[in-house]
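Student: Line order of the protein sequences matches chains A and B. The first sequence begins at 19 in the working numbering and counts up one residue at a time. The second sequence begins at 19 in the working numbering and counts up one residue at a time.
If you are wondering where the hints come from, they were derived from the structure by calculation, not from laboratory data. Misleading hints may appear alongside valid ones.
[What the hints assert, rightly or not] Covered by chain B, per the in silico footprint, the following chain A stretches (three or more residues, Cβ under 8 angstroms): (1) 193-206; (2) 368-376; (3) 456-463.
The model shown is predicted, which means the values in this text are computed figures rather than measured ones. Ideal placement from N, C-alpha and C gives every residue a C-beta, glycine not left out.
Number of protein chains: 2
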Amino acid sequence: MRDLVKNLKYVFEPTSVAIIGASNTPNKLGNVLMKNFTEGGYGGNVIPVNPKYETISAKRCYPAIDSVPGKIDCAIIATPAETVPDVLEKCGQKGIRGAIVLSSGFGESGKTELENKLREVAERHDIACIGPNCLGVLNPYNHVDSIFLPMYKMERPKPGSISFITQSGGVGTCIVDVAAHYSVGFSRFVSYGNGAVINEVDLLEYFAEDKKTQEIVLYLEGTKDGRRLLEVMKWANKEKPIIALKAGKYGGALKAAKSHTGNLAGNYMAYKAAFRQAKITEAESLDELFNFVKIFRQPLPKGRRIMVITNGGGLGVLAADAMEENGLFLANPKEETLQKCKAAVPSYATVSNPLDMTADATVEGYATVVDAVMDDDGIDGVILMALLQTPNLDERMLDVLIKASDDRRKPIVAVAVGGTYTDAKRKILDGRGVPTYGAPFSAVRAMKKFCEYSLTSNCKKCMISR
Amino acid sequence: MRDLVKNLKYVFEPTSVAIIGASNTPNKLGNVLMKNFTEGGYGGNVIPVNPKYETISAKRCYPAIDSVPGKIDCAIIATPAETVPDVLEKCGQKGIRGAIVLSSGFGESGKTELENKLREVAERHDIACIGPNCLGVLNPYNHVDSIFLPMYKMERPKPGSISFITQSGGVGTCIVDVAAHYSVGFSRFVSYGNGAVINEVDLLEYFAEDKKTQEIVLYLEGTKDGRRLLEVMKWANKEKPIIALKAGKYGGALKAAKSHTGNLAGNYMAYKAAFRQAKITEAESLDELFNFVKIFRQPLPKGRRIMVITNGGGLGVLAADAMEENGLFLANPKEETLQKCKAAVPSYATVSNPLDMTADATVEGYATVVDAVMDDDGIDGVILMALLQTPNLDERMLDVLIKASDDRRKPIVAVAVGGTYTDAKRKILDGRGVPTYGAPFSAVRAMKKFCEYSLTSNCKKCMISR
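The task is simple: from the sequences and hints, build the whole structure.
Tutor: Structure follows, in structure tokens:
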């Protein structure tokens, strides 16, 4: 790992941060940044830098970075593009080794030379520099947060195990906001924009060794170093599952990607082949990126034989269809399992797979059935679809699911489709590590990808489990 | 139309309802039903029937239907299966012509004879009988509501234009709850279960002529009369768009469908061919069913040339990819349109399609761009993806979208992905008739299906528009 990449620790875990271009004007980028750090829970030292002000957010403001006393770990730069290389030069001279350049107006607007200059400065000083033209970094563990979107508009996720690398700030915003909404925890988020210095390959390398990171999500439009990307993906995916979405696959989208982050998106077939070769999990849409990553905290499935349990018959039928389309099999439960299930469902229910417990299913019935199914080694995974709207199912149903997930005997996912009431329950389940989906199809797709990973990838844990 | 089908007016618009099997025990089906009618806003006469009680919900309770004085339009029956044919016989003798049988334990549990008996009684008295083994009916206009799921667990949609026919109560619950959550209005909902008397074909026929119904959604596991289904679909789809989801496509799911509503789900290829022949819109999953129907209130597109507008570049790239995969084209805006757009976006933004207005886009900028695009007859439809999390976009952004949709110059859909803040905005937009989606892919799929319908179906309005 290049020294410059190792210095990413100053970006993700800085004990002091200088905000260059800090501002007193509400809603301006430099003001939102100050608020993030002073009101967001960051415990380190925050130093505003701007010649226009004496103080910002009751903190002494310095005219330039070289006038700031003491050591600084990370500089967050939000000054006009043409000033950035000089600002970074001064940061380097001061010994700052982490930087986030939020400003745009570089390669993506044709200013290639300016971007080259920025890279030259960063590399000469070994500065791990994120950006330019990006949202920067969010670390829910220490509240480092350079995302310039107001907190009331975009929720911040709780600490967790997912690290998310995104070339697009907008796509990153969506995923982080949705994840936070459903209480899915993140370890780190990084929007790297043009990737002039630190790019997706560096970040993959860094997160593969990062202790807080257990799963890696990658949104990618294009790379400047395909060969190294493949090499690092191959290696990193052995340590931690990588879920990737490649955007800019075809003509019109390729052009759009070029003007978006200044990267040529390249031939999709080459990316697809690289993903396959590295055995990483490819998502085909934004939803899938989020749907897939949630399941990777579950125990690894040992096969593709899935049990479907529901109290809404139609949902079972839909799940069975989706399984057929996705190469999963309806497990054949053992006679013993079927007997236990029979005792737990209404007499007029048909005990098979999918198991339709009918709308009269009770929480106790579900508990018995889930336990029986978890004990059956002819079953590799469970999709439980609870119509929480039925009168019999109360909040104890959540305990049944959380317990089954915590037991870690085999992977279990939930499907809960509905409005306000059901959505609140989904948040609790997702927050407690039970991957919960808004449709049978999404759950099946996630289970399929998880099985694929467990059964065919070269991940170390998978090799042991097989 | 059979007289019996015409009598569905007594089911959907009854001036008086008898609840047979009404109960005073909280959470029991007969109790939830009473609450629905006495507390839900129903304006007609509600009569509880049960020999066990003197009064229920402060209303006089009658021991049997033949002891109730005066005329009754509709009987809702929730007594044990084996009693139902006799109860219905008495209803018939009393001149009741509408009935909803919620009880289960008929064909789906192998009690074919009991179901045949029920059918015989209903047909002899010309009773439009829904069920058995179903949730029955919801009419948001007059609050007829036999859905036995508590209102705090399952929201009821506001009055609107969509009629939803579902064989599965569970699937129906999900869709209605989600629709209500996003303020999408329904005209009628009917879960017909085993369809012993009134089936999906009868309901299609009835809704095709129903004045409040503008779009028809159909969830189907199997039909007993394929030939008539095809014939009625062909005819009904000329009047109003039909969006259908066929469940029970393959082996395991077929078996599940059989035990679910007692219908053989049949050969999926035959259904698919019938859908094509009738030129109706097929959804491939539960999400799609809901995603597709929302767009049909928009003006018909005259072609497949779509303009994509966003303030999140990555979203534009993803939409362009999805369009390529779904046979839609990125429109080439006229020079005049491009000039107007150029004046409305930041100087460093690239004006093309997708149009990335950048994260600095303003509400005024969006308003100008949308107006210019709406005026360009080289553009057939608009997908507007607003990252509502950016500091510049406030609630006035909703007005821009609602105005563009109300103008009815060409179809416009929105994409808004995020957490609590964004979700609240989605509800407002959907509620005001702007179809709003949680991912670029979903919006593109809906637009594709809408174009297909407009350009190739035999719907009367489409024929005029072409």
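Student: Of the numbered hints stated previously, which ones are contradicted by the structure, given in increasing order?
Tutor: none
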